[in-house]
Amino acid sequence: MAEPLLQVQGLGRRFDISRPWLNRVLERQDRQFLTAVADVDFTINRGETYALVGESGSGKSTIAKMVVGLLPPTSGRIVFDGQVMAGTEGASMRALRRRFQMIFQDPFASLNPRWRVGEIIAEPIHRFGLLRGSAVTNRVGELLETVGLSAQDAEKYPHEFSGGQRQRIAIARALSSKPEFIVCDEPTSALDVSVQAQILNLMRDLQDELGLTYLFISHDLSVVRHMANRIGVLYLGRLVEEAEGKALFRAAHHPYTRMLLDAVPDLALSGRRRQPVEGEIPNPIDPPPGCSFHPRCPLVMDRCRTGTPPVIATQTGRAACHALTLAADV
Amino acid sequence: MSAPLLSVRDLIVEFPTRRGTLRALDGLSFDIAPGEVLGMVGESGAGKSLTGAAIIGLLEPPGRIAGGEIRLRSERIDTLSPDAMRRIRGKRIGMVFQDPLTSLNPLYTVARQLTETIRTHAPVSEAEARKRAVALLDRVGIPAAARRIDDYPHHFSGGMRQRVVIALALCAEPELVIADEPTTALDVSVQAQIIDLIKEICAERGASVLLITHDMGVIAETADRVAVLYAGRLAEIGPVREVITNAAHPYTRGLMGSIPTLTQETDRLVQIPGAMPRLTAIPQGCAFNPRCREVMDRCRTDRPEALTTGEGRQVACWLHADDAQEAARG
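Protein chains in written order, with our numbering: chain U, 8 to 337; chain E, 108 to 437.
One should not assume that every hint holds.
Selected chain U positions facing chain E (Cβ under 8 Å, derived; list incomplete) [what the hints assert, rightly or not]: (1) Ser99; (2) Leu156; (3) Ser157; (4) Gln205; (5) Ser229; (6) Val271; (7) Gly297.
These are computed hints drawn from the structure, not numbers from a lab.
A quick note: this is a predicted structure, and the numbers were derived from the prediction, not measured.
Don't be surprised by glycine CBs; every beta carbon is placed ideally from N, CA and C.
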């Protein structure tokens, strides 16, 4: 049942943000690095939706780019269906590439405005040499209908469509190489809520029909709750907690997750008094030592300021927090 | 009900274009009572921001007010000269926009921008203005305000900048604050802080707020009443709790159902078919009729007026024609 499709092990990414060499020499500065992702582990099983959630600067999109191979990791490895991806080149990588696709946040930027919709959707088919001739046109028409558009739309240009329809086109393109795994980077955050509902429903239907596996990246907790089987919470490039979908919302363990859940505006009008959230995400160039959440944490202890917290198991998954470790030891 | 602070009646905003005149706001009417927080929701293109811009006289040409009236404490402000309007802006109506950087001049220190604004609207000395500015920054939660006041906007983080903008909007003690998507550019944890701040500080000073947002959750937590806009028209207006728990307009109902929540167990989100019409092709009759599940013949030909169905509650939908008659009879 739980057959791992994608395994991410010790994944890390540093960006060199040093000033140019001459400036460094003249101003006697050292090289500067920004650690966008550090030591992230997770496994996505076939057929499930794994969500990564976090605020800006938490490293969500960097992980997405590394998973699809748009960005090489500086450490760790990514294993897709038993094959190590990082560093793989040539034919075997090409064969692997066909099996995963990506949907981006902004459907106004991700579709080439000079191409007809049909060409956009057919591109992966041509790239991977899957079909030829009129079979391509038929397949494009089929895909357009799968995502709720009509086959005639292939002749149109992207500007003739609304945001939601463009995102449908992006989904059709992602499906055209018959992938098993799709990375969705904030697929609905540029859309209005009623259109968001259409796209989320479509994505779930497609998952049921085609047995897709999703890595779903979002900052919106309620969307994540609706979509995901399992959820990983990121803070400043580290995975602070992972839990089974809805369980995370019933019993969050990490203080950051709790704070995040508390901060979501409440439609249920429960009139709950939320705990005031303190501070903002620190600068990732110079993150706080020890647990990077400690300056904002209500449970902060001495050891949080010095040591990186170990990952321990919780009832619903795992979390990295000194307070939890302490509670587990007692 | 006491005399409204702001009263908008049959407001029409038009954009003359080469292909004809587009009507972006069509007969919008609502009141804001002194000290009240009125939320305004709608999807992109519904005319939310335009309403705010029309009230403060900052419509981008060629957009213009083509009909209706806007009154601030029963004085007409839509017909004022640009000079007279400028005196009202800032002094009697404060503004908070989505992107704090558009409201702040990057070349001036925060101190200069605040003291200048204070002195424009009140006859005080430089030293007194500075003292007030520091007190205000302190009130909006900027740590070490006396020192940070001499910083430039880029020295502040996103959330802190929005606090500065709130201080700037409030420094002339306005009667009305128009907040246009004040938290959309911010992370959830910071969003909660800013919402609480706007709510508290306006209550403290007795200022009314027009809170424009696409986020129903923000409205639920902040507003006293909510106005739902669709295609430049008012769909529904009423007390927040009533509109959320018992929406009367089919559009509002669809909108509420399409939002994933943190508590409900739903497998599928409610889907409103189609998308909001473009301004060039607003359907005859009710603008929502092609997407409405409960559409009747009448909806396709006659435009529903805002029918009063209860205390402070209006719905522009033919389904409620009977309720309205009953309410009128008492």
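Hint check, Val271(U) versus chain E [nearest Cβ-Cβ separation less than 8 Å]:
6 Å, holds
Does Gly297(U) meet its interface restraint, that is, does its C-beta lie within less than 8 Å of any C-beta in chain E?
Not OK, violated: Gly297(U) not within 8 Å of chain E, min 20 Å.
Tell me if the interface restraint on Ser229(U) is satisfied: Cβ within less than 8 Å of some Cβ in chain E.
4 Å, holds
Status of the Leu156(U) interface restraint (C-beta, 8 Å, chain E):
Violated, about 13 Å.
Given hint Ser99(U) near chain E, where the shortest CB pair must fall under 8 Å:
39 Å, violated
Holds or violated: is there a CB of chain E closer than 8 Å to the CB of Ser157(U)?
14 Å, violated
Is the interface hint satisfied for Gln205(U)? The criterion is a beta-carbon contact with chain E at less than 8 Å.
At 5 Å from the nearest chain E Cβ, Gln205(U) passes the 8 Å test, so the hint holds.
Violation of the numbered hints given earlier is confined to hints 1, 2, 3, 7; the remaining hints are satisfied by the structure.
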